[in-house]
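J.: The lines below spell out each chain.
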Amino acid sequence: MIGWLNPAALWGLLLLAGPLAIHLLRIRQARRVRFPSLRFVASSRTADVRLRLPSDLALLLLRMGIVSAAVYAAAAPVLLTPSRVASWNARIARAVVLDTSDSMRAGVAVGRTAAETAEAEAREAGESIRIETPDLGDGLRRACGWLATARPARLEIVVISDFQQGAIADRDLSRVPAHVGLRLVQVGEPLAARRTPGMRLAGGPGIAPRTQELEVSGRGTRTTFVARAAEDAGGLRLVTAPGPGRDAAILLRTVATAGAPAPDGREPIVVRLGNVKHEPGIVPEAVRDPWMLRTLLRLRQDETLARLTREADTDARFEAGSPWVTVVDDGQGAPVMRAAAAGPELVVDVAASPDSLFAAAAVRAVLTARHGPFALPEFEPRRLSAAQLSAASRSPEGVERGAWRQAESSDARWFWTAALVLIGIEQYLRDRRLRATRKDFRAAA
Amino acid sequence: MLDPVLLNAIGDLELVARVTVDGTLSGMHRSPFHGYSAEFSQYRHYRPGDDLKYVDWKLLARTDRVYTKQFRETTNLRAQIAVDASRSMSYRAGAGVSKLDYARLLAAALAHILAGQGDGIGLLIYDESLRRHIPSRTGQPHLHTLFVALAQMRAEGGATTAAPAIRRAVDLLERRGLLILISDLYDESEEVDRELRRTMRIGHEAAIFHVLTRDEIEFPFEQDVQLEDLETGRVLPAGSPASAQSYREQVADFLERWRTRCAAAGIDYTRVTTDTPLDAALRGYLLRRAERIAG
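As given, the protein sequences belong to chains W and B, one line each in that order.
Residue numbering for the first sequence follows the numbering used here, beginning at 1 and increasing consecutively.
Residue numbering for the second sequence follows the numbering used here, beginning at 1 and increasing consecutively.
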């Protein structure tokens, strides 16, 4: 079997028409000989037929052979001989994915470290790459991408990780092509339990701000709330219209009681409640800061807010339009909650009275959206079992049929050699004919 | 043997003629063209075309039969050499000489032989018409004039039209003489036949040198060629083995026709190819002629 690394060059075979046309053209211009009398010469039909056939068949075949060999050489042929396939199967290309997530730093290595293990695995392969990533799914994708361009060999991915529960998803494993071997090497020893600080919670009037203390073990997660010193509630400013039932303090206490992430003075937010149309110093502008955009995106995905829209004050609706971005509407297209930037602050207008449930939900949602999701997968103490890892592992298969496309070199040199040899023969034949012609001329002279 | 190519390369036609003749006549009688005595020889029945001045009127009165007197002439022979200079004569086969060059050498050699024994020689060059005529005379200056005319002869005319030339040459022979025709004889018309028969009927002697190249006989074109007729310019694709075979058969017929035609009329026919050594061609003709006269 033969493969072509540059098959587009095979279009060059159209050049074969060149020598063919030249030979046909030459014979159409048959040698003209002046002759004393044509009275005995019959125009033979065979001569007409021969006009359509190329002469100098040997030279024509040689020239077509030269063009063919050159075109084949340019197409970069790869001859798939059994010995070549065997040599490809004898070597292995290995992508070593090294887990650099927090869990790896927390684990206690026993024997060789993860880095030493990765080094050893890479060294044993004929061709290898070491991919360090905290995300094993991303690591597998990068490994597959590299193997797709590796020279022909058996392909294998070695993943070195502590493999805590959830570290690698079945979806990621299924993306690895079937012919690629997969080996999951577990390093380190499991920990009985781990402690870590959790989320900082917002305080309110009469409620001290708190911080979560988490202890994660094989039995479960224990959360302890630790009060911390009262601090300035910088990062969140509530603006309400004057009047009864408009007390922002009550709203803040409600939010703190329900539990919400503490605001951050580096990402200040202003929440205007009710139909507050004007406030000196606030000039709305388009949202551009990434943290603001992230916050808005999370807000728009908040299902609780959408569910509570009907609790909003029906008398208060905002007008849509730039630079305001609608966060939640009333189902008729009128914004119930909108947002815009005002200098370093993110201004969120909520069309609800401060004493309404929707207002409390809106403020909590804004704080939660700014903070983002709180997850600690790296603190998972449980690990995948050896049986699970073994089940997911597999040996690399032999070189697949299309592997020649990644061959490091083609066999073009043989075709170039053939072309040169044919050129030599063609030159020899032409010279011989030329010498014969010159001899005739000399004799005639 | 005198290679025509070498002779043609010498350029000096007089020298070539002398060398050729010396080689040809080596071992032969130095005067191969014997003349006729002017003494009365015999009577012969009158044949149409006979000159009336030789009719014996007294005998006619006595016997009422028409006889012409035949004489053994003592004067020298009168000869006319007619050379075909049509375009077809310009053909040369490979590195050989052209038919015209060969005819030139042949005519020069014949003229040299005739002049050497004091005979009168005339020259007539023709193609589709008479191109040049030099009356029959004797002497070295005249021979030199003939050589100059032969040297200037070019095959630049058209096709061969031999009949008027033959008639003119014969008419110029004031008494019985020798007509030597050198041509490729592609003109096979009825007129040519008639003029040749007339020549012999009048009582002249005629010799034809049929000059051809080897190519015209063997037709070596078995590959793709386009043949262009030298005289008409017509172009014909040829070169297949079948067409070559057909050509060879037709040429063989053509040559055979001329041979039989000449034999029937009593004309000496010599077919030569341009690679035939000149002395061999001449010697063959002279030996045949000597045998015929002796017989």
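If you're looking for bench data, these hints aren't it; they were derived computationally from the structure.
Since the structure is predicted, the reported quantities are computational estimates derived from the model, not experimental observations.
Careful, some of the hints might be misleading.
[Unchecked claim] One side only, chain B facing chain W, incomplete, derived with CB under 8 angstroms:
hint: 1; residue: Ser41
hint: 2; residue: Tyr43
hint: 3; residue: Tyr46
hint: 4; residue: Gly49
hint: 5; residue: Leu52
hint: 6; residue: Asp184
hint: 7; residue: Glu216
hint: 8; residue: Ile217
hint: 9; residue: Leu227
hint: 10; residue: Glu231
hint: 11; residue: Ser243
hint: 12; residue: Leu255
hint: 13; residue: Trp258
hint: 14; residue: Arg259
Ideal Cβ placement from N, Cα and C applies to all residues, glycine included.
J.: None of the hints should be skipped; say for each whether it holds.
T.: Hints versus structure:
Against a cut-off of 8 angstroms between C-beta atoms, the interface hint on serine 41 of chain B is violated, since the closest Cβ of chain W lies about 44 angstroms away. Using the Cβ-Cβ criterion of 8 angstroms, the hint placing tyrosine 43 of chain B at the interface with chain W is not satisfied: the shortest such distance is roughly 46 angstroms. Violation of the interface hint for tyrosine 46 of chain B is found here, the shortest Cβ-Cβ separation to chain W being roughly 40 angstroms, above the 8 angstroms cut-off. Using the Cβ-Cβ criterion of 8 angstroms, the hint placing glycine 49 of chain B at the interface with chain W is not satisfied: the shortest such distance is roughly 32 angstroms.
Residue-level restraint check for leucine 52 of chain B is violated (minimum Cβ-Cβ distance to chain W is 41 angstroms; threshold 8 angstroms). Because the closest C-beta pair between aspartate 184 of chain B and chain W is about 6 angstroms apart, less than 8 angstroms, the hint holds. For glutamate 216 of chain B, the interface hint holds, the least distance from its beta-carbon to any beta-carbon of chain W being 6 angstroms, beneath 8 angstroms. Nearest Cβ of chain W to the Cβ of isoleucine 217 of chain B: about 11 angstroms, over the 8 angstroms cut. The hint is violated.
At about 4 angstroms, the closest approach between the beta carbon of leucine 227 of chain B and any beta carbon in chain W falls short of 8 angstroms, and the interface hint on this residue holds. Contact between glutamate 231 of chain B and chain W, as hinted, is supported at the beta carbon level, the nearest pair being about 7 angstroms apart and thus within 8 angstroms. Annotation: serine 243 of chain B was flagged as interfacial toward chain W, and the flag holds, the nearest CB pair being 4 angstroms apart, inside 8 angstroms. A hinted interface residue such as leucine 255 of chain B counts as satisfied when its beta carbon comes closer than 8 angstroms to some beta carbon of chain W; here the least separation is about 11 angstroms, so the hint is violated.
At its closest, the beta carbon of tryptophan 258 of chain B sits 13 angstroms from a beta carbon of chain W; the interface hint therefore is violated under the 8 angstroms criterion. Proximity of arginine 259 of chain B to chain W is violated relative to the hint, the smallest CB-CB distance being about 16 angstroms (cut-off 8 angstroms).
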